[in-house]
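Listed in order, the protein sequences are those of chains A and B.
Quick note on numbering: full-length UniProt numbering labels position 58 of the first sequence as 58, and the sequence is numbered without any gaps.
Quick note on numbering: full-length UniProt numbering labels position 224 of the second sequence as 224, and the sequence is numbered without any gaps.
In case anyone wonders, no lab produced these hints; they're calculated from the structure.
Hints are not guaranteed to be accurate.
Here are the simulated lysine to any residue pairs, SDA-like style, with alpha carbons at most 25 Å apart [to be verified]:
1. A:K186 / B:E183
2. A:K186 / B:Q256
3. A:K194 / B:D180
4. A:K13 / B:G149
5. A:K13 / B:P102
6. A:K53 / A:G12
7. A:K186 / B:T258
8. A:K13 / B:H145
9. A:K186 / B:D235
10. A:K194 / B:M151
11. A:K186 / A:R27
12. A:K13 / B:L142
13. A:K194 / B:F257
14. A:K13 / B:R141
15. A:K186 / B:V207
16. A:K194 / B:N255
17. A:K140 / A:A64
If you're wondering where the values come from, they're calculated on a predicted model, not measured in any experiment.
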Amino acid sequence: MLEVRGVEFGFGKAEPILDRVSLTLNRGEILGLSGPSGTGKSTLGRIVAGYLKPQQGEILLDGAAPRALGHCGVQHIHQSSIFAVNPRWRLGRIIAEAWQPDDQTLDAIGVSRTWFDRYPHEISGGELQRVVLARAIGPKTRFLVADEVSAMLDPITQVEIWSFLMERCRQGLGILAISHDAALLKRVSSRQLKLGNGSLMPLVA
Amino acid sequence: MLAVDTLSIGFLRYDGLIHRCEVPALDGIDLKVDRGEILALVGASGAGKSLLAHALFGILPENAVVRGSISLNGEPVEAANGGKGQGPRMALVPQSLSHLDPLARCGKQLLWAAKRSGKAKTMADLANTLESFGLDAEVMRLYPHQVSGGMARRLLLAIATIGEPDLIVADEPTSGLDPDAAENVLLLLRRLADRGKAVLLITHDLVTAVSHADRVAILEQGRLLGIEPANAFSDDGRRLTLPYARALWLAMPGNQFTSAPLAREAARA
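Looking at chain A on its own, in the form it has when it is part of the complex (with noise of 0.2 Å):
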C-alpha cells in the first residue's frame, strides 16, 4: 500500500499549492488524478515518487519510508521523457539502467531492438515514452505515477500501452495515473481523485 499523508508543498514564498493532501493507493490499483493546469498534480506525483521532498507530511511505502538509494518500489514516468534521460548515452545502456527487459515486455510496450544504438534525440517523444516506461516497470516496482503516460501517443497504441498497464495492475502493481483526458481516465482507473485549490476531492462517475 502507497499512502500519501499531509503532504504540503509550495514554490518559494508563493502560496501553498498543495495543502494537507492525503491519499492511499492499493495494490493492484488505477487511481485516476485530473484537475486544470498548474493546481499541482505533477507536483503530487513528483512529491510520491520521491523526486521533490514535501515541506509536510510523509510518504510511506507498506508502511515505511521509500528507499532513497537504489531501486526505488515507486517509479515515476515523466511528462516529458526527454527530460529523463541522460542525453549522452545509447538507449540500450538507458533501457537496462533498472533490469534488463525481457523480450515479452518490449513487444508489448512496443519498443524496437533497432532503437538500441541510437541516442534519445534520434527517436521520437512517443517512442521514447515507450522507452522509458519499459526501463521503469521491472519486477521491483510496486507502484507507477504514470503522469500524461500517452498523451503523446496516437490512440492505437495508447490503448496498447494501457491494456499492458492494465494486466500488470491485474498482476499488482498499482498506478496512479495523472491525465487531462477525462475519457481515458473513466476507461482505465477504479477510482478517481480531482486536485483543486490545494486540495483533493473524490471524483464521482
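Mind docking chain B on chain A? Use the hints.
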C-alpha cells in the same frame, strides 16, 4: 491555395566512411488546402507530420533530399531554400514555446513580426490584435516566462497572423494545454479559416482534429493513406473508408478503447 504534389523527403546518412545512403521519411504526399478550410494532418509520432511543415517553410536539415513540388496560389514554394521564408503569405505556429525569444518582451516580438511582414502597424493595432486573441495589452510588457502556456500559445498565434498571411500552419498548437485553453486556441484557428484563410492543423490528437477541422488527412509511416471528411468520425466510424482511420477512431477512450491487432497491418496493406 496550398498544393503539395508528390512530395518525398529522404535523409542522407553515412553508411560506412564514404558511402552515403538515403533513408526515406515522406513518400509521395499529395494534398491541397483551400481557403476557408481547416485541413488536419493526423498521424502517430514519427509519421512525418512536422517534416511536412518544415518542408513548407524550407527549414529542413541540410542532409534532407526533397522531391516533388509545393505551390501556394499557383506559385512554387522552394522546398529547400535554406530558410528563406515566404514572407507574409504563409506563417508557422511552431510546436514548441521555446520559439519565443526569452530575452525580449512579448510586445517587442509582436512588433518584429509586424515589421517582417512589411505592414505598417501602430501600437494601437498591436493591442487590438492581442485583444482579438483574448490577451490583455498588459501582456506586451511581460517576458515569455511571465505568461502561462496558454497565453504564450495565443501570442505565437498573434505573431503568426499579424502579417495577414493566406496560409497558417499550426504544428501541435494545443499540446500541453488543458482542455479549456486548447478549445480557445482551436476556436481562434476556426475563426481565421472562416475569415478566408487556409489552415493546416498538424496534430496527433484525433479529438482535436475531428471537432474543429473540415477534412482529416491520415499520415502513417511517411505515407498519406487518404483524407476523410471530419464528420465521418462519428458513431462506430461506419462512414470512414480507410481501415486505419476506423481503427484510430475506435481506439479512442471515449469509443471502444480497443486495438484491433490487424489495424497496423491493414494500414500497410
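Hints versus structure:
no.	hint	result
1	A:K186 / B:E183	21 Å, holds
2	A:K186 / B:Q256	12 Å, holds
3	A:K194 / B:D180	16 Å, holds
4	A:K13 / B:G149	22 Å, holds
5	A:K13 / B:P102	24 Å, holds
6	A:K53 / A:G12	14 Å, holds
7	A:K186 / B:T258	15 Å, holds
8	A:K13 / B:H145	18 Å, holds
9	A:K186 / B:D235	19 Å, holds
10	A:K194 / B:M151	24 Å, holds
11	A:K186 / A:R27	19 Å, holds
12	A:K13 / B:L142	21 Å, holds
13	A:K194 / B:F257	23 Å, holds
14	A:K13 / B:R141	24 Å, holds
15	A:K186 / B:V207	16 Å, holds
16	A:K194 / B:N255	23 Å, holds
17	A:K140 / A:A64	16 Å, holds
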